[in-house]
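Peer 1: Chain by chain, the residues run as shown.
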Amino acid sequence: MSMALPDPAARERLLADEIAGKFPDARGRFGPYGGRYVPETLIPALDRLEAGIRAHLHTPQFQARLGSELASWVGRPTALSFASRLSAAWGAQVWLKREDLAHTGAHKINNALGQALLAQQLGAQRIVAETGAGQHGVASAAACARLGLPCTVYMGAVDMERQAPNVGRMRLLGAEVVPVTGGDQTLRAAIDEALRDWVADPSGTFYLLGSAVGPHPYPYLVRELQAIIGREARAQFLQDQGVLPDAVFACVGGGSNAIGMFHAFVPDRSVQIVGVEAGGRGSGLGENAASLSYGRPGVLQGCYSLLLQDDDGQIQETDSISAGLDYPGVGPEHALLMTAGRVQYESANDAEALEALQECARLEGILPALESSHALHGVKRWARSHPGGRVILCLSGRGDKDMPTLQRTVLK
Amino acid sequence: MSAGDIGTGNAAVLPRARISAAIRNPQVAGEPAIVAFMTAGYPSAELFRTHLAAVAAGADVVEIGVPFTDPMADGVTIQRSSQAALQQGVSLRWILAELRAMQRPAAPLILMSYLNPLLNYGYARLATDAAAAGVCGFIVPDLPFDEGEELRAALDATGVALVQMVTPVTLEVRLAQICAASQGFVYAVTMTGTTGKSVDVPESVLDYLENVRQVAAPLPVCAGFGIRSRAQVERLRGHVDGVIVGSALVEVLERGDDPTTWLRTLRAGA
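Those protein sequences? They're chains A and B, same order as listed.
Basically the working numbering = 1-based index in the first sequence + 2.
Basically the working numbering = 1-based index in the second sequence + 206.
Derived from the structure by calculation, the hints contain no laboratory data.
Since the model is a prediction, treat every value here as computed from it, not as a measurement.
Be aware that one or more of the hints could be misleading.
Listed next, with one range per pair, are the computed distances between beta-carbon atoms [said to hold, decoys possible]: (1) A/Arg283 - B/Asp352: 37 to 45 Å; (2) B/Gly462 - A/Pro181: 25 to 33 Å; (3) B/Ala386 - A/Ala81: 51 to 59 Å; (4) A/Arg128 - B/Gly462: 34 to 42 Å; (5) B/Gly462 - A/Leu413: 50 to 58 Å; (6) B/Met308 - A/Gly150: 57 to 65 Å; (7) B/Ala382 - A/Arg13: 47 to 55 Å.
Here's a subset of chain A near chain B, in silico, CB distances under 8 Å, partners left out [as the list claims (entries may be wrong)]: (8) Ile21; (9) Gly23; (10) Asp27; (11) Gly37; (12) Thr43; (13) Leu103; (14) Asp194; (15) Arg198; (16) Pro204; (17) Asp313.
For every residue, glycine included, the Cβ atom is placed at its ideal position computed from N, Cα and C.
This is chain A alone, in the form it adopts within the complex (with noise of 0.2 Å):
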């Protein structure tokens, strides 16, 4: 950790405030991360999303129309699972938070359809999308049909590779997908170009971003719509059991899914909060995309926050096993929850996720995506030091998208 972490004090009142709600503030930053920094051409825009999510977001109307859209078409509220076999085999208590089972397959689909909702509200004429590992594309692609809204997804060419059967689905579901061959043809490049889409017509074009990153509003519009998903599980835990979890762990690329669990346990002290980023190969710049663990704070994107670069201030290209934690940066807000000292980031590899994919699935019945793999590292690895311990993970999505994946490593 190159970041000179502030002093105990500090850290108090930047997590003070972060559980007041007083972040992001007024110019959209949660404690020092986040902003926004983008060509002025896109200001306008920003200023609009901000002005309707005020207007719409926190209505009775919109939170009803959207209510019930999550619980008719997405599925939701989604099951909290006690993995008996896997609590025996790593000797802690471990329920899984199942967003495997919401439509589309993923945690994906909460954003993509408030966003697909609110920007219908604002009278948007398209939607452009990016998407690595495609389950936002997809996500993006369903809300869109289901809505009657037109929709692109900017998709990197070496994800369109590795993970082809979303291509097929989001083009089924009326979706136009655009290859990106600029940049490193990964999630990165393909928010670059979703943003040069939207800078070519920022008052059409509706930008539904899918993950806690990019420019304020984004990091606090994604959290806002996957919130759903600690809220529900806390107080399936507190129904089921009484008391609170020991600990919740979520796996982290952008950190979409760890923000949306991890969100409702912030002001609950005795909850100890995991986030597990992608460890790759190694330790080393260019192995890995644990920008928490590794990185230093930098501009990319629209914000402010933790990011793999070299010496230069250029992004370093990243590798993981799993696409969807494939990427440089990660949300400003948990750059500040690192900060503040209240979410501990680690990392597994992809040996690691692998093995625990293996695991979940022989001993639960369920096949886990590569990226939630990462957290199912991390509970095995803290069962170790807190036999009994209660915990929730979440099991951000489902494991058939990575079919090419697996086939060409453990089923090999």
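Using the hints, position chain B against chain A.
Peer 2: Just chain B, lined up with the frame of chain A:
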């Protein structure tokens, strides 16, 4: 800036005032000043000094692009040139060292950079080293003026400009704030979109530029994004103080053509 900054001709003239003066007094009187953009080290890092001299010979101000891995405001040409420059090891540090070591052209130099390389360099050191290398200003496409206070304050210490951009979708109140904060000149983006696509110049754009000019006075206004031909320059003449050419010039250098000759085709009587 204050009106007193502008081209007084004395030796202590601030770097940012040199930019305004060069735009106000272009090589060819009565014509808009030519602000020419090149990506540092493209197509060749070895020929950087030669290319810079040749571009400067045909321009009133030169913008030197600092390559970045994620140029989100740029079209395909500048994306390509940035990537190629990075592959040759071009960095902000390298550019400043080259500029310090070379015989610098008379035309004022501006660095165009995304924010992250500047952040990593450190603002205070940047202000000193840029001034020492003869850099008169910075353009930072992902730094809107309300996030720019810190950099502006740092550059202020050595009189180096932070040039701000306005666009056709910028609302009136904000336009006034940006023009008041900008230094050297106001960069008026002529269209929504990324750099490099050729645009014709409709009447509405001329109205917009006239408005920016009124609000920006006494600071000069230069129009950029999508300018590639004498016809466009002619259309803009009288409505702006300068025009910025970027992608088209990068393509000239890419083809191996002479940039000085090409830049002259943008001038009157070419």
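Peer 1: Starting from the hint list further up, note which numbers the structure goes against and sort them upward.
Peer 2: 7, 8, 9, 10 and 13
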